[in-house]
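2 protein chains.
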Amino acid sequence: MRALRLSDKLELVRDAPLPRHPQETLVQVICAGICNTDLEITKGYAGFEGTLGHEFVGRVVESPRAELIGRRVAGEINVGCGACPLCKSGDSRHCPSRSVLGIKGRDGAFADYLSLPDANLFEVPDSIDDTAAVFLEPLAAALHILDAIEIDHSTQVAIVGDGKLAQLVIRSLTTTGCDITAIGKHESKLSLARVAGARAVPLSDAERERGAFDVVIDASGSASGISLAIELVKPTGTIILKSTHHGSTTLSLTPVVVNELRIAGSRCGRLGPAIEAMSRGSIDVTSLISAVASLDDGPQAFARAGEPGAMKVILRMS
Amino acid sequence: MRALRLSDKLELVRDAPLPRHPQETLVQVICAGICNTDLEITKGYAGFEGTLGHEFVGRVVESPRAELIGRRVAGEINVGCGACPLCKSGDSRHCPSRSVLGIKGRDGAFADYLSLPDANLFEVPDSIDDTAAVFLEPLAAALHILDAIEIDHSTQVAIVGDGKLAQLVIRSLTTTGCDITAIGKHESKLSLARVAGARAVPLSDAERERGAFDVVIDASGSASGISLAIELVKPTGTIILKSTHHGSTTLSLTPVVVNELRIAGSRCGRLGPAIEAMSRGSIDVTSLISAVASLDDGPQAFARAGEPGAMKVILRMS
Numbered sequence: 081m082r083a084l085r086l087s088d089k090l091e092l093v094r095d096a097p098l099p100r101h102p103q104e105t106l107v108q109v110i111c112a113g114i115c116n117t118d119l120e121i122t123k124g125y126a127g128f129e130g131t132l133g134h135e136f137v138g139r140v141v142e143s144p145r146a147e148l149i150g151r152r153v154a155g156e157i158n159v160g161c162g163a164c165p166l167c168k169s170g171d172s173r174h175c176p177s178r179s180v181l182g183i184k185g186r187d188g189a190f191a192d193y194l195s196l197p198d199a200n201l202f203e204v205p206d207s208i209d210d211t212a213a214v215f216l217e218p219l220a221a222a223l224h225i226l227d228a229i230e231i232d233h234s235t236q237v238a239i240v241g242d243g244k245l246a247q248l249v250i251r252s253l254t255t256t257g258c259d260i261t262a263i264g265k266h267e268s269k270l271s272l273a274r275v276a277g278a279r280a281v282p283l284s285d286a287e288r289e290r291g292a293f294d295v296v297i298d299a300s301g302s303a304s305g306i307s308l309a310i311e312l313v314k315p316t317g318t319i320i321l322k323s324t325h326h327g328s329t330t331l332s333l334t335p336v337v338v339n340e341l342r343i344a345g346s347r348c349g350r351l352g353p354a355i356e357a358m359s360r361g362s363i364d365v366t367s368l369i370s371a372v373a374s375l376d377d378g379p380q381a382f383a384r385a386g387e388p389g390a391m392k393v394i395l396r397m398s
Numbered sequence: 081m082r083a084l085r086l087s088d089k090l091e092l093v094r095d096a097p098l099p100r101h102p103q104e105t106l107v108q109v110i111c112a113g114i115c116n117t118d119l120e121i122t123k124g125y126a127g128f129e130g131t132l133g134h135e136f137v138g139r140v141v142e143s144p145r146a147e148l149i150g151r152r153v154a155g156e157i158n159v160g161c162g163a164c165p166l167c168k169s170g171d172s173r174h175c176p177s178r179s180v181l182g183i184k185g186r187d188g189a190f191a192d193y194l195s196l197p198d199a200n201l202f203e204v205p206d207s208i209d210d211t212a213a214v215f216l217e218p219l220a221a222a223l224h225i226l227d228a229i230e231i232d233h234s235t236q237v238a239i240v241g242d243g244k245l246a247q248l249v250i251r252s253l254t255t256t257g258c259d260i261t262a263i264g265k266h267e268s269k270l271s272l273a274r275v276a277g278a279r280a281v282p283l284s285d286a287e288r289e290r291g292a293f294d295v296v297i298d299a300s301g302s303a304s305g306i307s308l309a310i311e312l313v314k315p316t317g318t319i320i321l322k323s324t325h326h327g328s329t330t331l332s333l334t335p336v337v338v339n340e341l342r343i344a345g346s347r348c349g350r351l352g353p354a355i356e357a358m359s360r361g362s363i364d365v366t367s368l369i370s371a372v373a374s375l376d377d378g379p380q381a382f383a384r385a386g387e388p389g390a391m392k393v394i395l396r397m398s
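Here the protein sequences line up with chains A and B, keeping their order.
Going by the numbering used here, the first residue of the first sequence is number 81, and it counts up by one from there.
Going by the numbering used here, the first residue of the second sequence is number 81, and it counts up by one from there.
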């Protein structure tokens, strides 16, 4: 099969073996989305080598759970050991020996086929089309913010960033009725934020918003995001760190102590709430698609996804 | 009056004016303790100029609250504007226009007299002697950790640091029954931690403790404390940042996101619970005193307080 693999560089391999794990389910990938994490991995983040890709929709080909065969599915991406206390409590996302689809110890979705345990797979209803279904995994991550902090109509929220993840965060938060401000560099992306219901502020004007927000969500994907978040948040407020990136950050932690800020890291969410939100029609993602390309053009699609101003680039397998 | 003041350098001034603020209470200082924050301020932290010192016990000389006159008191150090929503809710600690005794916009306790509003002052019972009373303010800060996070007998807690604040944190946490590990550089200080009920681990062995703790408290006073804390804490665990220091920190925030850590800054606490804990006799602080010096020897006492291995150096005013 074909697979877009990273070793020294990213390349399309045409004779990759089928990913077969005993007791797992084989999925024929339909579409898969390129995420900022994929771009960071190509720069060295996570030290991963293998097939990239973790946002997908596909059709089940083989499964120990026979009723899954033929179903169109999206997937949660963490696969735990199944034996540790975290896995036994139903949360493999922090299993210390987990693999993560296309990120850690497990080939990913930029291929004709992928393998995951059946427990990771969720049927996608017909109301969600293939390209929208690719957003279910990052939408789950965006909605997962609401597991970390209570946000209601009285909460002043700022989102640092205007990219793909930031846009999904905005769309996830509109259901709470909170006041949303998006802070970003790109006028075209800020327009998308406005359409989704946010007040949009160019990064160059962010200084005026100092200390104005109860909650600041860093979805900037950049090392400087947290420093801006620290400036924007009110004393005793909360910062949610949503994006990972390769490399270190230099910052002053003194305001965190003096202003008694709270910072919470937030990563993968659950697919159930994401499927429910998207099938209700309350989350529009079609405006977030920059391009749909063939897997055969994978390396070029990656280059496109890394261009300034690019939003989601989707790979279609056939 | 005498005052130990910082401008270009730290020096004892003999003809400082009495600190008189309308509507406030004048306190004759008996003893005051040198804190790491004072040492950091002399390096440029907080940009403060004036009389240093914020840990004190003294006797009320003049007050609009007549019943305070003659009483021996300790004090909370933040003075808010009294008019903003935070002040009106009873918490001046985060008032944006607050002054802070000996730290921000208000002369401090290394002087014959200081001034504070009567609401900041708390009578010290006879069971707490003068040198112990100096620890009430930092003890309140240590106990304030329990306002930020629930800790009980099942919680595995590590404290990064073995200095004055770390020792008070250990002593504050023993009441919860939690399992306490102190990680520090100085064998003599680690011995004090052991006596207080902690398991003590030399910093050189900290590597073996990776991912072992539900809660890690950084009381190291150093820029590298948080990076070690991030290594020590379990996935989804909590880091409490307790110490401030001058300058920036370089760290990787990726584990904060991937392991969904929580970080909370924690600063000043309330004197009431500190007085209660110390008067119950459950908090021993006498073993934490390195020296008691005269205010006349203030600059030398500062040098002593900054030596490796030093614990609390107390200035006595008469």
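Be a bit skeptical, because a hint or two may be false.
Here are the simulated DSSO-like cross-link-like pairs (lysine-lysine), alpha carbons at most 30 angstroms apart as the crow flies [unchecked claim]:
1) A:Lys168 to A:Lys123
2) A:Lys265 to A:Lys314
3) B:Lys184 to A:Lys168
4) A:Lys168 to B:Lys168
5) B:Lys168 to B:Lys123
6) A:Lys184 to A:Lys168
7) B:Lys123 to A:Lys265
8) A:Lys314 to B:Lys265
9) A:Lys123 to B:Lys314
10) A:Lys184 to B:Lys314
11) B:Lys123 to A:Lys314
To give an idea of the interface, some chain B residues facing chain A are shown, with a C-beta separation under 8 angstroms as derived from the structure [claimed, not checked]:
12) Val338
13) Ile343
14) Ile369
15) Ser370
16) Val372
17) Arg384
Just so you know, the hints here were simulated from the structure itself, not pulled from any lab data.
Note that the Cβ used here is the ideal one computed from N, Cα and C, for glycine as well.
Compare the distance between the alpha carbons of Lys123 (chain B) and Lys265 (chain A) with 30 angstroms, and conclude whether the hinted pair is satisfied.
violated, 37 angstroms
Restraint status (C-alpha distance of Lys123 (chain A) to Lys314 (chain B) at most 30 angstroms)
With Cα atoms ~27 angstroms apart, Lys123 (chain A) and Lys314 (chain B) stay inside 30 angstroms; holds.
Please verify whether Lys184 (chain B) and Lys168 (chain A) have alpha carbons no more than 30 angstroms apart.
Violated, because 51 angstroms separates the two Cα atoms, which is more than 30 angstroms.
Satisfaction of the Ile369 (chain B) interface hint, Cβ to chain A closer than 8 angstroms:
violated, 25 angstroms
Given Arg384 (chain B) as an interface hint, is the shortest Cβ-Cβ distance to chain A below 8 angstroms?
violated, 25 angstroms
Given hint Lys168 (chain B) paired with Lys168 (chain A) - CA-CA distance at most 30 angstroms
Outside the cut-off at roughly 47 angstroms; violated.
A closest beta-carbon separation below 8 angstroms is what the hint needs, so does Ile343 (chain B) meet it against chain A?
Hint on Ile343 (chain B): holds, closest Cβ of chain A at ~4 angstroms, below 8 angstroms.
Taking 30 angstroms as the top limit, are the C-alpha atoms of Lys265 (chain A) and Lys314 (chain A) close enough?
holds, 23 angstroms
Could you grab the alpha-carbon distance between Lys168 (chain B) and Lys123 (chain B) and see if it respects the 30 angstroms cut-off?
Not OK: Lys168 (chain B) and Lys123 (chain B) at ~34 angstroms, beyond 30 angstroms, violated.
Has the given pair, Lys314 (chain A) with Lys265 (chain B), been kept, meaning a C-alpha gap of at most 30 angstroms?
Given that 30 angstroms is the threshold and the Cα spacing comes to 36 angstroms, the pair is violated.
Tell me if the interface restraint on Val338 (chain B) is satisfied: Cβ within less than 8 angstroms of some Cβ in chain A.
holds, 6 angstroms
Given hint Lys168 (chain A) paired with Lys184 (chain A) - CA-CA distance at most 30 angstroms
holds, 21 angstroms
Figure legend: structure checked against the earlier numbered hints; hints not met, in rising order: 1, 3, 4, 5, 7, 8, 14, 15, 16, 17.
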